[in-house]
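Student: Chains L and X, in that order, give the protein sequences. Under my numbering, the first residue of the first sequence carries the number 110, and numbering increases by one thereafter. Under my numbering, the first residue of the second sequence carries the number 2, and numbering increases by one thereafter.
To be clear, the hints were calculated from the coordinates, so they are not data collected in a lab. Each hint should be verified, as a subset may be incorrect.
Derived BS3-like pairs: lysine-lysine, alpha-carbon spacing no greater than 30 Å straight-line [what the hints assert, rightly or not]:
| # | chain 1 | residue 1 | chain 2 | residue 2 |
| --- | --- | --- | --- | --- |
| 1 | X | Lys-455 | L | Lys-367 |
| 2 | L | Lys-367 | X | Lys-203 |
| 3 | X | Lys-198 | L | Lys-367 |
| 4 | L | Lys-420 | L | Lys-432 |
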Amino acid sequence: MSGILVYALHYEGAINKNSLGAVSEGARLASELGTECHAIVVGETAGLTDELCSSLGAYGATKVFRAEGPEGLAQPVVDAMAKVITDNDLGYALFGGGLLGFEIGAGLTARLDAGVCMEVVSVRVEDGKLVSERPILGDSQISDVHYDAGVGVIIGRLNAFEASENGSGAATVEDVVVDYAPHSLKATMVQRGEQRGADVNIEDAQFLVAGGRGLGKAEGFEALEQLAGALGGAVAATRAVVDAGWYSYSAQIGQTGKTVAPKLYLAAGISGAIQHKVGMQSSENIVAINKDANAPIFEFSDLGIVGDLNKIVPKLTEAVKAKKGS
Amino acid sequence: MAEDRVPTHPVAPSQFPPPVDSVKEFIGAPTDPEDERIEVGVAIVGGGQAGMACAIRLLQLLEDDPELTERLGEVPVAVIEKGKVAGAHQLSGGVMNPVSIRQLLPDADDWPHWGEVSGESVYFMLNRKRAIPLKPVPPPFRNHGNYVVSVAELNRWLSDKAEEAGAFILTETTGHKLLVEDGVVRGVRTGDKGRDKSGGEKGNFEPGSDVMAKATVLAEGCWGHLTGAALKGLGLAGNDPQVWALGVKEVWEVEQPLNKVIHTLGWPLRPGAKYREFGGSWIYGMNREGSKPRVSIGFVAGLDNADARLSVHDVLQEFKLHPKVRRILEGGKRIAWGAKAIPEGGYWALPRLHAPGMVICGDAAGMVNVPKLKGIHYAIESGKLAAETIFQQLKASSTDFSSYERAVHASDVGKDLYESRNMKQPFHKGLVIGGAITNAMVVTKGRFPGGHWKNHPDAEAPLLLTDRHERYPKPDGKYTFDKLSGVFLTGNATRDDAPSHIRIEQRVPREVAEAWQWMCPAGVYEVPEDAPADGPVDLIVNPSNCVQCGAITAKGGRLTPPEGGDGPLYQIM
Chain L
110 MSGILVYALH
120 YEGAINKNSL
130 GAVSEGARLA
140 SELGTECHAI
150 VVGETAGLTD
160 ELCSSLGAYG
170 ATKVFRAEGP
180 EGLAQPVVDA
190 MAKVITDNDL
200 GYALFGGGLL
210 GFEIGAGLTA
220 RLDAGVCMEV
230 VSVRVEDGKL
240 VSERPILGDS
250 QISDVHYDAG
260 VGVIIGRLNA
270 FEASENGSGA
280 ATVEDVVVDY
290 APHSLKATMV
300 QRGEQRGADV
310 NIEDAQFLVA
320 GGRGLGKAEG
330 FEALEQLAGA
340 LGGAVAATRA
350 VVDAGWYSYS
360 AQIGQTGKTV
370 APKLYLAAGI
380 SGAIQHKVGM
390 QSSENIVAIN
400 KDANAPIFEF
410 SDLGIVGDLN
420 KIVPKLTEAV
430 KAKKGS
Chain X
2 MAEDRVPTHP
12 VAPSQFPPPV
22 DSVKEFIGAP
32 TDPEDERIEV
42 GVAIVGGGQA
52 GMACAIRLLQ
62 LLEDDPELTE
72 RLGEVPVAVI
82 EKGKVAGAHQ
92 LSGGVMNPVS
102 IRQLLPDADD
112 WPHWGEVSGE
122 SVYFMLNRKR
132 AIPLKPVPPP
142 FRNHGNYVVS
152 VAELNRWLSD
162 KAEEAGAFIL
172 TETTGHKLLV
182 EDGVVRGVRT
192 GDKGRDKSGG
202 EKGNFEPGSD
212 VMAKATVLAE
222 GCWGHLTGAA
232 LKGLGLAGND
242 PQVWALGVKE
252 VWEVEQPLNK
262 VIHTLGWPLR
272 PGAKYREFGG
282 SWIYGMNREG
292 SKPRVSIGFV
302 AGLDNADARL
312 SVHDVLQEFK
322 LHPKVRRILE
332 GGKRIAWGAK
342 AIPEGGYWAL
352 PRLHAPGMVI
362 CGDAAGMVNV
372 PKLKGIHYAI
382 ESGKLAAETI
392 FQQLKASSTD
402 FSSYERAVHA
412 SDVGKDLYES
422 RNMKQPFHKG
432 LVIGGAITNA
442 MVVTKGRFPG
452 GHWKNHPDAE
462 APLLLTDRHE
472 RYPKPDGKYT
482 FDKLSGVFLT
492 GNATRDDAPS
502 HIRIEQRVPR
512 EVAEAWQWMC
522 PAGVYEVPED
532 APADGPVDLI
542 VNPSNCVQCG
552 AITAKGGRLT
562 PPEGGDGPLY
572 QIM
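Next up, chain L with everything else stripped away, as it sits in the complex:
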């Protein structure tokens, strides 16, 4: 038993970006283990079309289990995953992260007497088994976690796993009938809303324009918002400016904020202390604008611009708009 089951969260007809990353990661690990990666979706039948489910094949899932049940709640998913893992003798459960993933993963671990590791940033294969790598001590060290128990539960950190369409095509869809425990049906979804009142989910944005104290004042963010708007992305901030009240906490990146990995991270007036770096270092492309050529951020930027961001950012916005023809 070594097959991997990945939980795929869906909302309004789309699979969550972190879930797609987890499926891709599961598929990569399964191929190294010489086994298969399956996914599971739980929700109302109307929203779980064959098309949506089988699309996970593009990310490497060979089979998708579809269970009808309440949406967005942890306990029903625990029931469904426990059944699929037991019936199919699977070895690992993998989650892309998020609060729901933590809750399901914890419940599943208790249910199956499994081993669990959360906030995992990387998984590797060693001697035919999976080993989770988890940052500890405020991300200053990495610990390796091996699984002793029969089933290993791996809960990724948000954005730790990158979605890639390396699959061989459509996955087969298998309906499973789950006999939900009475307590699993006690909770109902009343309302969904974005945590902490953020307008844009910066963890999912492909383009992030982040501002630091180098902006000089709160009004400096206006130019960043225009650039983010032109790029079709979102605005993020450092702890220093959030502390100063220039921007909302929901946009804070770093050790004590959010961890992001967009395609482009444009850092404006950010010095790049390690506490900020750990929140954005896995971004695909890092571009930094800073007037201080000695700022540490230039040491891990793909492109660095030494200059006055008040002049550069508006020009960049114009250039992006011109290129996009709007």
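We have chain L; now place chain X onto it with these hints.
Tutor: Relative to the frame of chain L, chain X by itself:
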């Protein structure tokens, strides 16, 4: 060299006191309804060596006294510890005299250490290239028979021993307010959790609780929050005010084991009396079978320094550039960093060690032998003596713990502190003259020149601005480091959206603002880039960087404990 900038009117941080009335805010009667209060036998605030030794000794004594144990209730001994685990906020050089731990736990000799001291050297650093060994090694620096330890690690071990003996260790819990009724200390109120920046209650808000105790032990370490309030509010302050030094430490994994302990005096500190720079370094080999060799290296400087631009963290980086140090560290890797204040007032600053219902132990009382750089065994010894007095007096249903103070003064702790009572103060005359006077004191066991050399509060030292900072190396991230990368290594994850636990006057003259900025090893205080060269500065404060070293309390501010569990998570400090 640029001219030193000496203000026309002397400016000192003490002229800008923190906006806090610690007696009013941190001492008071219980507020929880009676049936909601938590009853314990003895409440020990602080799970360091003093607190743990006190807990262990109490439980040893209670083991043979079921009658008193019964009277102390379901929780005979509770240790209130603000760190994530016991030891999380513990830092020392550290060389320990093993005498006290052996007396406390004669049957357990498996306490963790990093080797017995087998060799030692003291150097006087002349400049950035040269050093001369002091031979023979001056008596206070002789360490044969002592052990290199990590107090963070030692405390995890002591915590296990205390727990095995039956102590309740309440980690992630702060002692926020001393509960006093009718002049008798009745326990402590623990701190709230889950408040937002403006003090409002978040969704996960948990109020603190009144912990009622028949005896309260303040073993809070070098910057005792409740101790500070008690000294004022209960009139316990000593002859002289307490003074502190700041120590910044790194632990390195190295290729070649260092088989000795090294102390240095002199460079990079400046000898001129006007700078008031008193301190030195330590470099201790940490060797243990099955572990890669390590080195503990640190720098200590008195916080009554005059130059606002003295930064102990950066002095340590500068010090590492000396070829003598490079030879030891080069090719190695820094694995840990930390900082802590050290009470250096010695004998004259010792407070009264008891009040009705309460005693003060260890660093909280300033039990540090400055010339010998020792304090760990005093902490253990005082915790043990406190336990013995408390046990005797509780048996007699008394809250009079005055015999603890007599026991401390009669012990080696009191004797050593008395002998070294004047040994730090002469250094205000500069290193050479001060050193000569202190040597005379060492030789005569403090009899010559006798008398009472006074200490003055660190925050009253007038400040000047020099070009000191231009000598600090630019961090390369491999051998020399900035402050924030150190904070990162401590595992500090203090919540950002919590109320600030640092009470300071935020609008101060540039001298004071810079003094705090440079002093703080964790980058908590920042002078804004666009601040005026003259006139008041509006400081930026980053409380979530704070590693709770306590320096700000010495230098004119007031540290209070943040939410329990916040702060560093030292492993090997």
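Student: Would you mind marking each hint as holding or not holding in the structure?
Tutor: How the hints compare with the structure:
1. Lys-455(X) / Lys-367(L): violated, 52 Å
2. Lys-367(L) / Lys-203(X): holds, 19 Å
3. Lys-198(X) / Lys-367(L): holds, 19 Å
4. Lys-420(L) / Lys-432(L): Holds: Lys-420(L) and Lys-432(L) sit about 19 Å apart, inside 30 Å.
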